[in-house]
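Asks: With chain A held as given, fit chain B onto it using these hints.
First to last, the protein sequences are chains A and B. Under this note's numbering, think of the first position of the first sequence as 1, with each following residue one higher. Under this note's numbering, think of the first position of the second sequence as 111, with each following residue one higher.
Hints were generated in silico from the structure; no laboratory data involved. One should not assume that every hint holds.
Claimed, not checked - Per the computed footprint, the stretches of chain A lying under chain B, defined by three or more beta-carbons under 8 Å from a beta-carbon of chain B, are:
id: 1; stretch: 25-39
id: 2; stretch: 46-59
id: 3; stretch: 87-100
Claimed, not checked - The following label-pair restraints were derived from C-beta to C-beta distances:
id: 4; chain 1: A; residue 1: P14; chain 2: B; residue 2: S166; range: 44 to 54 Å
id: 5; chain 1: B; residue 1: A143; chain 2: A; residue 2: R27; range: 19 to 29 Å
id: 6; chain 1: A; residue 1: S69; chain 2: B; residue 2: K187; range: 41 to 51 Å
id: 7; chain 1: A; residue 1: T82; chain 2: B; residue 2: S186; range: 40 to 50 Å
id: 8; chain 1: B; residue 1: K155; chain 2: A; residue 2: G95; range: 17 to 27 Å
id: 9; chain 1: A; residue 1: E85; chain 2: B; residue 2: S186; range: 42 to 52 Å
id: 10; chain 1: B; residue 1: Q111; chain 2: A; residue 2: R63; range: 20 to 30 Å
id: 11; chain 1: B; residue 1: G154; chain 2: A; residue 2: T19; range: 19 to 29 Å
id: 12; chain 1: A; residue 1: P42; chain 2: B; residue 2: A200; range: 17 to 27 Å
id: 13; chain 1: B; residue 1: T198; chain 2: A; residue 2: Y41; range: 26 to 36 Å
id: 14; chain 1: B; residue 1: A152; chain 2: A; residue 2: P7; range: 17 to 27 Å
id: 15; chain 1: A; residue 1: L110; chain 2: B; residue 2: T195; range: 19 to 29 Å
Just so you know, these numbers come straight off a predicted model, no measurement behind them. Ideal Cβ positions, reconstructed from N, Cα and C, are used throughout, including at glycine.
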Amino acid sequence: QSALTQPASVSGSPGQSITISCTGTSRDVGNYNLVSWYQQYPGRAPKLIIHEVNERPSGVSDRFSGSKSGNTASLTISGLQTEDEADYYCCSYAGTSTWVFGGGTNLTVL
Amino acid sequence: QLQLHESGPGLVKPSETLSLTCNVSGGSINNNAYYWGWIRQAPGKGLETIGSVYHSGRAYYNPSLNSRVTISVDTSKNQFSLKMTSVTAADTAVYYCARLVIRGVKIDYWGQGALVTVSS
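The shape of chain A in the complex, shown without the other chains:
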């Protein structure tokens, strides 16, 4: 069970859009529409922002959206705001009641 692959860092300017990729395999991301994304601020617990590839929990801004193609899932944040500066983690179901996280992406809003 290997970690999903995410870029270590991405950056963007306020108002721009950025996309974070999350690459897995045919045993996890590619096999299930069960990818979730979490936002984590330093010293805080992660927060669910996307589940089941593209579903947003109540209260999460519609500036966050998700998608998937093959073994790669993506998180897009539109209209970047300074408050979006955080770490982002993808997570996928990997079968047999297990799940696996990505290595995390640090987003800097310049």
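Replies: Relative to chain A, chain B alone:
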């Protein structure tokens, strides 16, 4: 409002056993809709799943930790626990307990996290 709270020693000696308990309040562990899981995060690193347990006691583990980890549940106390044997410095991390919604495989509630340092 559901709350999860980790408790246990913050310092464990190498080769000994790490033990943490997650107390759940504001909701029952005895619910078919959820798994109850442990996730850890080493300093400056990413999230790593440790495993999860169903209210029946059936547990599932990350294969890379399987041989050292036991997750159990006590529905009468509304809590679940983690034991990790033969710890090393590499097990130093913030340990989170969390609720995993089975339908959708999403973690909707997290504890605040407990830092466990492995050191002599």
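Asks: Now look at each hint and say whether the structure bears it out.
Replies: Okay, the hints, checked on the actual structure:
Requiring three or more residues with a Cβ within less than 8 Å of a Cβ of chain B, the coverage given for the stretch 25-39 of chain A holds, as 4 such residues are present. Look at the stretch 46-59 of chain A against chain B: 7 of its residues bring a Cβ nearer than 8 Å to a Cβ of that chain, three or more, so the hint holds. For the stretch 87-100 of chain A, the stated coverage by chain B is satisfied: 8 residues place a CB nearer than 8 Å to a CB of that chain, which reaches the threshold of 3. Separation of P14(A) from S166(B) is about 49 Å and conforms to the stated range, judged on CB atoms against 44 to 54 Å.
Distance hint for A143(B) and R27(A): a CB-CB separation of about 25 Å, consistent with the stated range 19 to 29 Å. Between S69(A) and K187(B) the beta carbons are some 45 Å apart, a value that agrees with the proposed interval 41 to 51 Å. With their beta carbons about 47 Å apart, T82(A) and S186(B) fall inside the hinted range of 40 to 50 Å. The given range of 17 to 27 Å is respected by K155(B) and G95(A), whose C-beta atoms sit roughly 24 Å from each other.
The hinted range of 42 to 52 Å is satisfied by E85(A) and S186(B), whose Cβ atoms lie roughly 44 Å apart. Distance hint check: the CB atoms of Q111(B) and R63(A) are about 25 Å apart, consistent with the given range 20 to 30 Å. Taking 19 to 29 Å as the suggested C-beta distance range, the pair G154(B) and T19(A) conforms, at roughly 24 Å. The given range of 17 to 27 Å is respected by P42(A) and A200(B), whose C-beta atoms sit roughly 22 Å from each other.
Take T198(B) and Y41(A): their Cβ atoms lie about 29 Å apart, and the range 26 to 36 Å holds. Between A152(B) and P7(A), the C-beta spacing of about 20 Å keeps the proposed range 17 to 27 Å intact. In this structure the hint that L110(A) and T195(B) lie 19 to 29 Å apart at CB is violated, the actual value being about 46 Å.
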